[in-house]
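**Student:** Residue 218 in the working numbering sits at position 215 of the sequence shown, and the numbers go up by one each step.
Hint data in this document are derived by calculation from the structure and do not stem from the laboratory. Certain hints may be false.
[Unchecked claim] Simulated DEER-style distance windows between Cβ atoms:
1) Val88 x Thr27: 34 to 42 Å
2) Glu206 x Tyr122: 22 to 30 Å
3) Thr39 x Gly65: 13 to 21 Å
4) Pro102 x Phe208: 37 to 45 Å
5) Val165 x Gly94: 26 to 34 Å
6) Val214 x Arg79: 18 to 26 Å
7) Glu206 x Asp114: 15 to 23 Å
8) Asn120 x Leu55: 24 to 32 Å
9) Phe208 x Lys78: 21 to 29 Å
10) Gly194 x Pro86: 45 to 53 Å
11) Glu211 x Val165: 29 to 37 Å
12) Ser210 x Tyr50: 39 to 47 Å
13) Glu206 x Leu55: 19 to 27 Å
Yeah, the Cβ is synthetic: ideal placement off N, Cα and C, and Gly gets one too.
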Amino acid sequence: MGLIFKLRDRLNRQAALKWVIYGTIVGIVSGLGAVTFFYCLEWGKFYLFEYLAGYKLTHPAGEHLVNIEVVRPFKRWLLFVLPVVGGLLSGLIVYTWAPEAEGHGTDAMIDSFHNRNGYVRWRVPYVKSLASVITLATGGSAGREGPIAQIGSGFGSWLAQVLGLSIKDRRILLLAGCAGGLGAIFRAPLGGALTAVEVLYREDFESEAIVPCVI
């Protein structure tokens with residue numbers, strides 16, 4: 004850890020290089036988290052709906068990850084049971100291990116930025132990932148953008164805590180993580196960066212975070 008802190012102190016004296024390195028690390032980590040989230044979600048939907056329930060799902064162009072053809076008897080009753088079981092299991096996981104991981108996700112990220120100095124507990128990204136995969140894979144009424152915003156921002160906050168960065172820098176890395184996650188899950192890096200810095204306010208944006216978010 005001593006070597007890490009020495010590197011941190013050296014980077015703090017070189018602002019431009021600091022954000023290139025920090026932004027790259029956070030982008031890689033949150034991007035990998037988004038890819039893992041997407042893969043788990045697609046395989047979960049395939050197994051629960053196509054293999055178990057015998058229901059053929061449709062996919063947007065370019066997002067059909069599991070190219071396995073299965074012919075199974077259609078079990079209509081599972082279409083009603085799966086969302087109920089998934090919702091109960093997801094709620095139990097969140098309530099037990101990380102209550103702050105409840106809800107949409109984007110609202111929690113905004114709350115962490117404005118009211119918690121960019122602080123997110125280390126377990127939140129993992130609990131949110133698991134609970135969201137269960138919810139979405141079982142047919143729950145939700146989307147991917149909220150969970151991945153909280154997951155990515157959680158990774159950014161965690162890295163800032165490990166490096167012992169200031170509150171200001173931690174809030175910026177929180178946004179960089181959010182941008183990396185959104186950019187990876189929607190394959191739109193610039194769109195993810197702009198969303199992360201604009202979603203915080205009604206008529207403004209966080210200008211200091213633009214460069215780390217784009218990186």
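**Student:** Confirm or reject each hint.
**Tutor:** Going through the hints against the structure:
Remark: the range hint 34 to 42 Å for valine 88 to threonine 27 is upheld by a beta-carbon distance near 40 Å. Take glutamate 206 and tyrosine 122: their Cβ atoms lie about 26 Å apart, and the range 22 to 30 Å holds. Range check, threonine 39 to glycine 65: Cβ separation about 19 Å, and the 13 to 21 Å hint holds. The given range of 37 to 45 Å is broken by proline 102 and phenylalanine 208, whose C-beta atoms sit roughly 30 Å from each other.
In this structure, valine 165 and glycine 94 meet the distance hint of 26 to 34 Å, their C-beta atoms being roughly 30 Å apart. Between valine 214 and arginine 79 the Cβ separation comes to about 52 Å, which falls outside the hinted range of 18 to 26 Å. Separation of glutamate 206 from aspartate 114 is about 19 Å and conforms to the stated range, judged on CB atoms against 15 to 23 Å. In this structure the hint that asparagine 120 and leucine 55 lie 24 to 32 Å apart at CB is violated, the actual value being about 44 Å.
Checking the proposed 21 to 29 Å range against phenylalanine 208 and lysine 78 shows it is violated: the Cβ atoms sit about 48 Å from each other. A hinted range of 45 to 53 Å is violated for the C-beta pair glycine 194 and proline 86, which are about 30 Å apart. With their beta carbons about 21 Å apart, glutamate 211 and valine 165 fall outside the hinted range of 29 to 37 Å. Taking the beta carbon of each, serine 210 and tyrosine 50 are about 45 Å apart, inside 39 to 47 Å as hinted.
For glutamate 206 and leucine 55, the hinted distance range of 19 to 27 Å is not satisfied, since their beta carbons lie about 48 Å from each other.
The structure shown violates the earlier hints numbered 4, 6, 8, 9, 10, 11, 13.
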